[in-house]
Amino acid sequence: MASRPRIGHTPSGAFRRFRVTGPLMAVALTVLLVSGAATPAVDPIHRGAAPIGLLRNGSISEGREAPRPAAEATPAWYALTENRSPSANYAAATAYDAADGYTLLYGGCIPGGLDNLFCVPSNQTWALEAGEWTPINSTLVPPALSTEAMAWDPVDGYVLMVGGVGSSPLGVPDTWSYLHGEWTNRSTASGPPSTESSALVYDPELSAMLYYGGSCNVTWTYRAGLWTHLNLSEDACPGPASVEMAYDPPEQEVVLFGGGGLGEPLGTWAFANGSWTNITGSVQGSPPPNVFGTMAYDPLDGYLVLYGGASAELLPTYYTTTWSFSGDRWTNLTGAAGLGADPTYGSAVFDPGEGDLILYGGHAFGGVGGNSWAYGEPPLQAQWTGPNPLRTDVGAATSIRFSLSGGGTGTTASLSGAPTSGTCTSASRSGGTFGSSCTFSAVGDQTFGGTVKDDRANGTSLPNLTVEVGPVLTVGLVGATSVGSGARLSLDIRVAGGWPPYTLQASSLPSGCTGLNGTWLNCTPSGSGTYALSVAVTDAAHVTSYANATIHTGVSALLPGGTSTLIVVLLVTVVAVVLAAVVLTRRKRGRQSSASAPAEPTPMDPGDPEFREPDPDESPPE
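For any residue, its number in the working numbering is found by taking its place in the sequence shown, counting from 1, and adding 2.
Each hint can be trusted.
Result set (SDA-like, lysine to any residue): computed pairs, CA atoms no more than 25 Å apart in a straight line: (1) Lys455 to Leu382; (2) Lys455 to Gly434; (3) Lys455 to Asp303.
Restraint-style ranges between C-beta atoms, simulated for each label pair: (4) Pro465 to Thr540: 27 to 35 Å; (5) Thr319 to Thr505: 49 to 57 Å; (6) Ala583 to Trp522: 43 to 51 Å; (7) Ala132 to Ser277: 40 to 48 Å; (8) Ala132 to Gly283: 40 to 48 Å; (9) Ser405 to Ser530: 48 to 56 Å; (10) Ser463 to Ala534: 47 to 55 Å.
For the record, the hints were derived by calculation from the structure and aren't laboratory data. Just so it is clear, CB atoms sit at the ideal spot from N, CA and C, and this is done for glycine as well.
Build the full structure now, drawing on both the sequences and the hints.
Put into structure tokens, the structure is as follows:
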């Protein structure tokens with residue numbers, strides 16, 4: 003996965019149950035009373051670029067971040083895979099460090115104890131860049147914290163962090179900044195009170211950071227290193243709550259959503275012109291009241307994304323739902339977005355480099371958390387379908403294919419490594435796969451590679467695929483194909499070439515023959531008939547070759563070939579002998595009849611020496 007800076011939201015309210023040493027009931031009650039999810043603010047300025055849109059929860063929208071093309075796939079949650087990542091935790095803070103160009107993560111709650119019910123706060127600092135988490139070792143380190151609020155401060159030019167829960171049950175009122183790998187303590191006596199349920203965003207309308215402390219009248223601004231308390235009346239603020247908060251650029255206001263610490267619905271609030279307004283009544287649709295969810299603005303899709311949360315009840319209901327907020331309307335996107343991380347204590351931030359919303363952490367009762375997820379279009383991936391190496395036979399049409407996932411529409415692909423002996427068609431797409439049909443004309447190994455690009459110029463390559471080409475698969479039938487009635491049919495099936503082992507199957511067998519005996523057809527047909535026998539042989543490379551023969555069975559099968567030919571010859575011979583005997587007998591009888599009659603005088607030939615002219619005066623003999 004390519005690097006994606008993350009600018010975003012940080013949950014800053016952690017279940018106090020993690021510090022409770024009493025029974026589970028006390029822990030659950032504490033969960034209800036302690037509400038809050040901090041949301042790091044987004045930076046609208048990336049390395050000095052003019053702000054084009056700000057992300058709620060400290061997410062930044064840069065000039066290069068355009069909305070997703072309408073043709074692209076519907077965004078969804080997908081898990082990220084890193085070679086290393088922070089210790090499994092949740093309730094950490096994340097923000098995009100626009101000065102250093104990476105996503106920053108601090109603290110979190112490392113689970114442990116009975117069913118991971120308790121946890122230990124962390125003081126680890128990590129940076130996510132080029133798809134890899136890297137630990138940061140700074141000279142000065144803040145105290146171990148969880149549920150702190152963190153966001154990029156474009157006015158002061160550093161990441162700002164405030165509040166959270168440390169090693170003591172009380173919140174930590176410290177203020178810290180981070181820049182170029184170093185932490186600086188900026189705590190003052192005039193800062194916000196200690197809290198463990200807070201949210202922080204940059205509000206461009208104020209040109210200052212806006213901090214909500216999770217309880218009524220705890221709304222502060224931060225600018226040029228100074229905190230300013232906004233004196234708001236108690237009936238004009240969200241009240242005690244665990245909240246998700248982010249800036250909505252299209253509406254030019256900060257939006258807050260959550261649930262009361264005692265299970266009371268908080269609804270949807272907006273902060274604009276220096277004051278809070280309850281807009282619940284004018285908003286269409288709404289997620290169920292919840293605590294400890296996560297929210298950030300997605301500039302590519304142009305709406306706020308709310309994920310997860312839990313009901314503030316003794317036995318909470320966990321929500322793995324995804325909602326969008328745009329134009330005073332909440333829309334349930336769960337069906338298209340699918341499931342993401344564990345539902346509570348995640349930290350969401352938009353990553354301009356990746357072009358997706360990133361969510362780290364997440365927790366459910368008894369869970370561990372610590373996974374990284376993204377909301378958007380999964381990265382382009384391609385892999386060969388089938389084995390590697392791939393086996394085939396000379397002359398067999400071979401499908402060389404790879405599957406595609408993620409990426410934008412308009413994906414193009416090509417295969418490299420044309421066969422040295424044979425031909426391949428051009429790569430073409432069919433559904434989620436690309437591939438070619440190749441035919442090889444010589445035995446040997448062939449090597450293929452491939453490249454894939456989508457319409458956003460994201461590319462990926464395929465590893466080498468080896469195609470092992472074996473000799474031609476041949477099949478022959480040896481034996482008589484015509485048998486008389488009651489005679490045995492015996493055919494030897496001879497297979498050569500290809501890749502053993504072989505699978506044999508026969509069709510259109512003579513009546514009375516049930517199947518092959520290995521590589522033999524040995525059976526006694528019943529009755530008379532003519533059959534178009536076909537034997538299919540498939541080798542280990544899934545190449546199939548056929549042998550066909552016409553089988554004649556029974557006395558009616560007087561056709562050339564085999565036993566029936568001998569019978570015909572014998573019959574014809576017998577008939578011919580009988581006919582000849584009859585003719586000779588008749589001729590002999592005719593001669594005998596002629597011999598018993600008086601012989602007629604036979605005139606002599608005048609050329610005969612014995613010939614004498616008759617004397618006219620001579621009287622005939624008496």
